[in-house]
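Sequences are here, hints too, so could you generate the full structure?
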Amino acid sequence: MSYDVVALVAREPDERAIRQALQDVDSDLRLHRHEDTHVLQIRDGAERLLATLEPGRLVEEQGDVVRLLGSDVVAGLPEEFWWVETRARPDDAGREAAHRFADGLALRLGGAVWTSGTADFGLWEEPEHPAVERTATRALLVVQDREVVPFSSWLSDAVATRGGEKALQVLTPPTSRLTYGARTLLTGPWGRWVVRGEDGDHYDGVTGLPVYWDEDDGFRPEREPVGVNWGASEPDATPVPGFVEDASEPAGVQLVVDVSVFHRAPGTPRLGCAAELLAEHLAGTPPVAWGPHEPAVRTWDRDQLTEFVRRREPRASILYFTAPLDVGHPFSGQIKVRRRVRGVVERVSMVVGFPGEDTVPFEELPAVVEALAREGLLDGLRVRRLAGRSDTTFEPTWAGPAVQVGFAIGPERFAEVGHGYAQAGPIRGTVLGEGERRAVWYPVLGDAGAPLKGLALVERQTAHLAAAGRG
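Residue 181 in this note's numbering sits at position 181 of the sequence shown; the count goes up by one each step and never skips.
There's no promise every hint is true.
[Unchecked claim] Below, in silico cross-link-like pairs of lysine to any residue (SDA-like), each with a Cα-Cα straight-line distance of 25 Å or less: (1) LYS336 / ARG298; (2) LYS453 / ALA466; (3) LYS453 / ALA399.
[Claimed, not checked] Quick list of simulated restraints, FRET-style, between CB atoms: (4) ARG48 / ALA160: 20 to 28 Å; (5) ASP216 / GLY76: 15 to 23 Å; (6) GLU363 / GLN20: 55 to 63 Å; (7) ARG342 / LEU107: 17 to 25 Å; (8) GLU222 / LEU452: 37 to 45 Å; (9) ARG315 / GLU198: 37 to 45 Å; (10) GLN20 / ASP92: 48 to 56 Å.
For the record, the hints were derived by calculation from the structure and aren't laboratory data.
Each residue gets a CB set at the ideal place from its N, CA and C atoms; glycine is no exception.
Okay, structure coming up:
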């Protein structure tokens, strides 16, 4: 479904309060539990599904809520409050039920109500999942008419219950922006960001290529882009008009950092240390909140984060973290954790926003590498920069390719390769640290006018290091 209503309430919305608010709307409405998920369904007397709501979530940190919904909606609420989100069928009956229910809940418990746009795109079908607008053989389509689209619990649940079978596609108006968490998912092999233009046609929010609905694959372009230089061999494949912005007016700079850590200690290691170190060095402040989806509403606590992952094992976990409001530079990121035979793999990916190139702390990157290696938190690291919004959200417009800034190898890889070989190759490496905690930082010529040159350098250096392992 595609019409969202969020009630932010001061007291816990238990099932009794929910049922009472529902009865105030219409005594014929009934509450049902969805058989495959933890959400609740609102149905009328004829068993027609009108809306679906998730159990209330305690908001311990409100920064991400403000980023997604705006500051006005939290005015007057206590420091901690509850988030109750409802998705309604996009017709008059669904919208009215969702509105009246949320208003009644906020009236009973104290609070405020936020609503999305109408999302009346004419695509809705009776869904197989409460978050889904339409299904294809190999894809699920979710519509989000919001100013900022997060990787919400709805998307998380759709991926968890159907992600092994179908790709996830999210359709938005051109005014929407994605969080880093949502964009990371939708730019992967099992995702797509679809934008409905003002003319009613659709295009890919990352490439700008026109897309059309296909009953097997969902929305897809005529020719799927493959490889970084795909456009050179497909000169007729051009983005829709207006997608390519004037590069002379960048909105800011984003630094994207990816770190991989392999924990060999028995049991579940204490996770989140690498994310904390990255944030403190590059953004000037540690994370303030975390959670299994967005908004991240739990107070940042590495022990609680680790315990959450431990309870989910052997299943993999993806967790999201975010910056405090108005402290340091904005950032958001995710932590992926998966247990292997010999230990636990932790992958941290974060984006930090800056107002301009001259404010990005490139000089701090070697110190980041050295600190990670010293703490035993570095197997590999990659850094790229993008032209983009300093608030770390992403618009459906072309801002240029990612530019390679540099990468690093950790102490174990350095020991395998050897000092001499590690400093050879097309990129002169800088050895950092001491003893068994040494790492190597490979700075890349950051030429925004020739991004493929930097990528080729990285690939050549990576191949050089891989050859050492084969030798």
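Structure-based check of each hint:
{"no.": "1", "hint": "LYS336 / ARG298", "in the structure": "17 Å, holds"}
{"no.": "2", "hint": "LYS453 / ALA466", "in the structure": "20 Å, holds"}
{"no.": "3", "hint": "LYS453 / ALA399", "in the structure": "18 Å, holds"}
{"no.": "4", "hint": "ARG48 / ALA160: 20 to 28 Å", "in the structure": "26 Å, holds"}
{"no.": "5", "hint": "ASP216 / GLY76: 15 to 23 Å", "in the structure": "49 Å, violated"}
{"no.": "6", "hint": "GLU363 / GLN20: 55 to 63 Å", "in the structure": "59 Å, holds"}
{"no.": "7", "hint": "ARG342 / LEU107: 17 to 25 Å", "in the structure": "56 Å, violated"}
{"no.": "8", "hint": "GLU222 / LEU452: 37 to 45 Å", "in the structure": "24 Å, violated"}
{"no.": "9", "hint": "ARG315 / GLU198: 37 to 45 Å", "in the structure": "42 Å, holds"}
{"no.": "10", "hint": "GLN20 / ASP92: 48 to 56 Å", "in the structure": "24 Å, violated"}
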